[in-house]
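Peer 1: Taken in sequence, the protein lines are chains U and H. The first sequence begins at 1 in this note's numbering and counts up one residue at a time. The second sequence begins at 1 in this note's numbering and counts up one residue at a time.
If you're looking for bench data, these hints aren't it; they were derived computationally from the structure. The reader is advised that the hints may include incorrect statements.
Stated by the list, open to error - Selected chain U positions facing chain H (Cβ under 7 Å, derived; list incomplete):
(1) T246
(2) A252
(3) S263
(4) G309
(5) M315
(6) A317
(7) V321
(8) G324
(9) E436
(10) A442
Unchecked claim - Some chain U residues judged to face chain H by a derived CB distance under 8 Å, without partners named:
(11) E217
(12) N281
(13) S421
(14) A443
Built from N, CA and C at the ideal position, the CB exists for glycine as well.
Protein chains: 2
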Amino acid sequence: MDIKRLNPLFTARSVALIGASSTPGKWGHVMLKNLINGGFEGNIYPINPDADELLGKKVYKTLEDVPETPDLAVIVVPPKAVLSAMQACTDKGIKAAVVITAGFAELGLEGRRLQDEMVKTARAKGMVMVGPNCNGIMSPWEKLYVDFPSFHVPPGSIALVCQSGGIVDGLARQIMIKGMGCSLCVASGNEADLHMEDYLAYIADDPRTSVILCYIEGFKDAERFYSIVREVTKTKPVVAYKAGKTQAGAKAAMSHTASIAGSDEIFDGICKQAGILRAKNLHHLFNVGTAFMNQPLPKGRRIGIVTAGGGWGVMAADECVSLGLEMASLPDETIKRLDAFLPAWWNRGNPVDLVAGSDPDDVLRVVETVLASPNVDGVIYIGLMPALKFTRQELMQRGNAGDGWGDALVRTSVELVQHLSGLARKYEKPVVVASEHLIASAAQEARVLHAIGQAGSVCYEMPYEAAEVMAALVSYGKWVNAGG
Amino acid sequence: MDIKRLNPLFTARSVALIGASSTPGKWGHVMLKNLINGGFEGNIYPINPDADELLGKKVYKTLEDVPETPDLAVIVVPPKAVLSAMQACTDKGIKAAVVITAGFAELGLEGRRLQDEMVKTARAKGMVMVGPNCNGIMSPWEKLYVDFPSFHVPPGSIALVCQSGGIVDGLARQIMIKGMGCSLCVASGNEADLHMEDYLAYIADDPRTSVILCYIEGFKDAERFYSIVREVTKTKPVVAYKAGKTQAGAKAAMSHTASIAGSDEIFDGICKQAGILRAKNLHHLFNVGTAFMNQPLPKGRRIGIVTAGGGWGVMAADECVSLGLEMASLPDETIKRLDAFLPAWWNRGNPVDLVAGSDPDDVLRVVETVLASPNVDGVIYIGLMPALKFTRQELMQRGNAGDGWGDALVRTSVELVQHLSGLARKYEKPVVVASEHLIASAAQEARVLHAIGQAGSVCYEMPYEAAEVMAALVSYGKWVNAGG
Numbered sequence: 001m002d003i004k005r006l007n008p009l010f011t012a013r014s015v016a017l018i019g020a021s022s023t024p025g026k027w028g029h030v031m032l033k034n035l036i037n038g039g040f041e042g043n044i045y046p047i048n049p050d051a052d053e054l055l056g057k058k059v060y061k062t063l064e065d066v067p068e069t070p071d072l073a074v075i076v077v078p079p080k081a082v083l084s085a086m087q088a089c090t091d092k093g094i095k096a097a098v099v100i101t102a103g104f105a106e107l108g109l110e111g112r113r114l115q116d117e118m119v120k121t122a123r124a125k126g127m128v129m130v131g132p133n134c135n136g137i138m139s140p141w142e143k144l145y146v147d148f149p150s151f152h153v154p155p156g157s158i159a160l161v162c163q164s165g166g167i168v169d170g171l172a173r174q175i176m177i178k179g180m181g182c183s184l185c186v187a188s189g190n191e192a193d194l195h196m197e198d199y200l201a202y203i204a205d206d207p208r209t210s211v212i213l214c215y216i217e218g219f220k221d222a223e224r225f226y227s228i229v230r231e232v233t234k235t236k237p238v239v240a241y242k243a244g245k246t247q248a249g250a251k252a253a254m255s256h257t258a259s260i261a262g263s264d265e266i267f268d269g270i271c272k273q274a275g276i277l278r279a280k281n282l283h284h285l286f287n288v289g290t291a292f293m294n295q296p297l298p299k300g301r302r303i304g305i306v307t308a309g310g311g312w313g314v315m316a317a318d319e320c321v322s323l324g325l326e327m328a329s330l331p332d333e334t335i336k337r338l339d340a341f342l343p344a345w346w347n348r349g350n351p352v353d354l355v356a357g358s359d360p361d362d363v364l365r366v367v368e369t370v371l372a373s374p375n376v377d378g379v380i381y382i383g384l385m386p387a388l389k390f391t392r393q394e395l396m397q398r399g400n401a402g403d404g405w406g407d408a409l410v411r412t413s414v415e416l417v418q419h420l421s422g423l424a425r426k427y428e429k430p431v432v433v434a435s436e437h438l439i440a441s442a443a444q445e446a447r448v449l450h451a452i453g454q455a456g457s458v459c460y461e462m463p464y465e466a467a468e469v470m471a472a473l474v475s476y477g478k479w480v481n482a483g484g
Numbered sequence: 001m002d003i004k005r006l007n008p009l010f011t012a013r014s015v016a017l018i019g020a021s022s023t024p025g026k027w028g029h030v031m032l033k034n035l036i037n038g039g040f041e042g043n044i045y046p047i048n049p050d051a052d053e054l055l056g057k058k059v060y061k062t063l064e065d066v067p068e069t070p071d072l073a074v075i076v077v078p079p080k081a082v083l084s085a086m087q088a089c090t091d092k093g094i095k096a097a098v099v100i101t102a103g104f105a106e107l108g109l110e111g112r113r114l115q116d117e118m119v120k121t122a123r124a125k126g127m128v129m130v131g132p133n134c135n136g137i138m139s140p141w142e143k144l145y146v147d148f149p150s151f152h153v154p155p156g157s158i159a160l161v162c163q164s165g166g167i168v169d170g171l172a173r174q175i176m177i178k179g180m181g182c183s184l185c186v187a188s189g190n191e192a193d194l195h196m197e198d199y200l201a202y203i204a205d206d207p208r209t210s211v212i213l214c215y216i217e218g219f220k221d222a223e224r225f226y227s228i229v230r231e232v233t234k235t236k237p238v239v240a241y242k243a244g245k246t247q248a249g250a251k252a253a254m255s256h257t258a259s260i261a262g263s264d265e266i267f268d269g270i271c272k273q274a275g276i277l278r279a280k281n282l283h284h285l286f287n288v289g290t291a292f293m294n295q296p297l298p299k300g301r302r303i304g305i306v307t308a309g310g311g312w313g314v315m316a317a318d319e320c321v322s323l324g325l326e327m328a329s330l331p332d333e334t335i336k337r338l339d340a341f342l343p344a345w346w347n348r349g350n351p352v353d354l355v356a357g358s359d360p361d362d363v364l365r366v367v368e369t370v371l372a373s374p375n376v377d378g379v380i381y382i383g384l385m386p387a388l389k390f391t392r393q394e395l396m397q398r399g400n401a402g403d404g405w406g407d408a409l410v411r412t413s414v415e416l417v418q419h420l421s422g423l424a425r426k427y428e429k430p431v432v433v434a435s436e437h438l439i440a441s442a443a444q445e446a447r448v449l450h451a452i453g454q455a456g457s458v459c460y461e462m463p464y465e466a467a468e469v470m471a472a473l474v475s476y477g478k479w480v481n482a483g484g
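In isolation and in its complexed conformation, chain U is listed as follows:
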């Protein structure tokens, strides 16, 4: 398929909403409202035979009445009316449709027959179709929010392609709360026409996307998926969570999006051979995905760990080695450079344990010294606190302060992660950060994390998360260096 055919979906300058509704809470109402509130700058055409105006927009009785050919049609009418709506779309010359309506292949044979008719109708006139049984798409750079939940994830570089609308929403919200943004979001539903791999092929060419996160319940055409995604991963990292890995899950997937989950071993094989990074769960998916926004790819698997507390270093070392990474052996040269400014009793090994009470500037010097070592391919730095120029006492006691202190904490945290990102760029090696935030207030912690995200960085929480992220960077680095 020519991926340009997906252009009207994601860069539409005019949208018809077939089934627009005046009833608050109904999808045809919510989606119109979301589209308007998202700031879409093109024309919006609500279609409803029984209304004249909706949310300030002129309503058209039929699609035929619309004075232009919209780029995109969104269909939210009841299942029995979908086919004729599709027919109206192709008659009008529309080239892309998003069918939100559920009640097709996921319900059984009759639904599948109707769904097949819809595909036939679309394909006969070269119209692409998203869904049916989906939550829609979001194209934040275009302010095009065709989606059910009422939030507008800001533009960014993460693409989401999920066979579940709820999961797109959940991930997009996490991305938003952490100060980051999305390039494109697709809830692909039953994938009657466009499949997972079509979106991936399109996004591979999108210069604004740096990483693609997928939630997969099954494939319509596993071989086609494999042959396409294998090319995609040469230019963009693809991180995927596969549901339906057990029989019970596969059964649930069938009734959710009519997906045939297939063998988990086969999927694992596809991932390995196509360079897909497989995520264990959605936290893992999110963590690994966000890392690819700004980290240089490591050239090897020798990791240096710098830690502010012994226990955290022990956990990080354990996790790195468990995941196939190697604890870098620090050369004499590096030890000597650290000796020059660390207290006499430092542990002279990797992990480098800063212990309580280190000077904030020294912390950054340690990270840089270890990163600069020729034996080190990447650094995991655990515990932002000692580098923050605030004492634990301040953090825990003033964490609730509504005064300038909270702003200072945000500012200092952002400067710190930006400094670390700068080191990563300078040495072309990843620096992955994990830290607890010993701040008394959860709200203040959320502010810090949001600001860090806005600055283009991520701060994970636990050592195991940092190790998982580093392992994924190493794995993808190896894939890319081997030519995919």
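Fit chain H to the given chain U structure using the hints.
Peer 2: Leaving out everything else, chain H in the frame of chain U:
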């Protein structure tokens, strides 16, 4: 050892701080401040030859000068002065000491010799010793906060025993932020005198503790640990994370707390034979631990899943089965009772997929109907939102509102989890909840979670977390039912 010997540690009515300091930031200053700010109601005796008053407290030149025999001595003097401080304690007749000072066995042979002397001194006079090289202890019900970080975790039912002060602090802070509290916290450091198992034996008898969470780097006496913990788990669940599971981690553990990590396989065997629930990481430790605060133990492993979104149900079913749980087969009777009020097109299987748009009261009826089924030993309920009586639109758009709406959301969320806890009690089966919170504001989300914790419940985030928690409940239920 007679566990009553630990009483002066955790129920001290008077505390001497040997090495109290007037220098802000120094441990001897911070710890005195924390003890005072924690609201300790007994006598506090700072000891420092060069000061008269510190933070409003009269300072004593020597321990000898103190007009009574304190229950507890806290020692923060430099390493070389610790032994004579210990001697002064036993001369005074003190029965419990916490040695914060580091620089002993973790640094090598000389340190180990000094540490052995300290133990000999303490044991000769029947004084118990925590540490050295530790962050201290907290006994929140007694307002006794002998700890470095400046926060005061409220009293509650979770006990923490960790071979890392940083990890006690991190866990205690999480517990606090989530609205819960601790019964006792111990950072056990080098465990020269008191070992992990001594604290466990003491806590087993503590009526205010419902669960014990451990972070372990190694054992001083693995056989003794095994024989004691095997008894503890008969009355209290013990959840443990073991660090130093790889060679790299073990090496780091040695330089952190002089712990010999031992074989990971042996630890796994100990866990299985002693009924310890082994945690994969600290998130897992926290999740499983908090579940034991209020969940009835399941009598079998047949799980019902109720979900608000298809994808979430697929993931939950996958995770349950992967962890050895069984998806309950709902009997006709249960299906019939659900048929009576669910829409005609509901999926008639487990997971029960509520799909968008269900009536909030119906959601709770579904949970109760599934829980009441004789084929079901416990329910995982995913997605609080449909039961919240707020629309997604409200949650996402008003999530930032500073008005009464935010309070209403908190109140409704708490009522909901309390209702679910009530169902769990009524049917004597666990109901584990996981939910994303589609609230636009992270601060509002934190408020909701804090209130849920204060109400004695927990809401996890992801299906895999709920499944892991349920698997732990099932595992411990089996252990207890088999008589331990």
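Peer 1: All hints, please: hold or fail.
Peer 2: Structure-based check of all given hints:
Because the beta carbon of T246 of chain U sits about 4 Å from the nearest beta carbon in chain H, less than 7 Å, this interface hint is met. Look at A252 of chain U: its Cβ gets to within about 4 Å of chain H, closer than 7 Å, so that hint holds up. For S263 of chain U, the shortest C-beta to C-beta distance to chain H is roughly 14 Å, which exceeds 7 Å, and the interface hint is violated. Nearest Cβ of chain H to the Cβ of G309 of chain U: about 3 Å, under the 7 Å cut. The hint holds.
Because the closest C-beta pair between M315 of chain U and chain H is about 5 Å apart, less than 7 Å, the hint holds. A least Cβ separation of about 4 Å between A317 of chain U and chain H falls short of the 7 Å threshold, and the interface hint therefore holds. Interface hint at V321 of chain U: satisfied, since its Cβ lies 4 Å from the closest Cβ of chain H, which is below the 7 Å cut-off. With its C-beta approaching chain H no nearer than about 11 Å, G324 of chain U sits outside the 7 Å limit, and its interface hint is violated.
Because the smallest distance between the Cβ of E436 of chain U and any Cβ of chain H comes to about 5 Å, under 7 Å, the interface hint for this residue holds. Using the Cβ-Cβ criterion of 7 Å, the hint placing A442 of chain U at the interface with chain H is satisfied: the shortest such distance is roughly 4 Å. Interface hint at E217 of chain U: satisfied, since its Cβ lies 6 Å from the closest Cβ of chain H, which is below the 8 Å cut-off. Against a cut-off of 8 Å between C-beta atoms, the interface hint on N281 of chain U holds, since the closest Cβ of chain H lies about 4 Å away.
For S421 of chain U, the suggested interface contact is broken, since its CB lies about 22 Å from the closest CB of chain H, more than 8 Å. Annotation: A443 of chain U was flagged as interfacial toward chain H, and the flag holds, the nearest CB pair being 4 Å apart, inside 8 Å.
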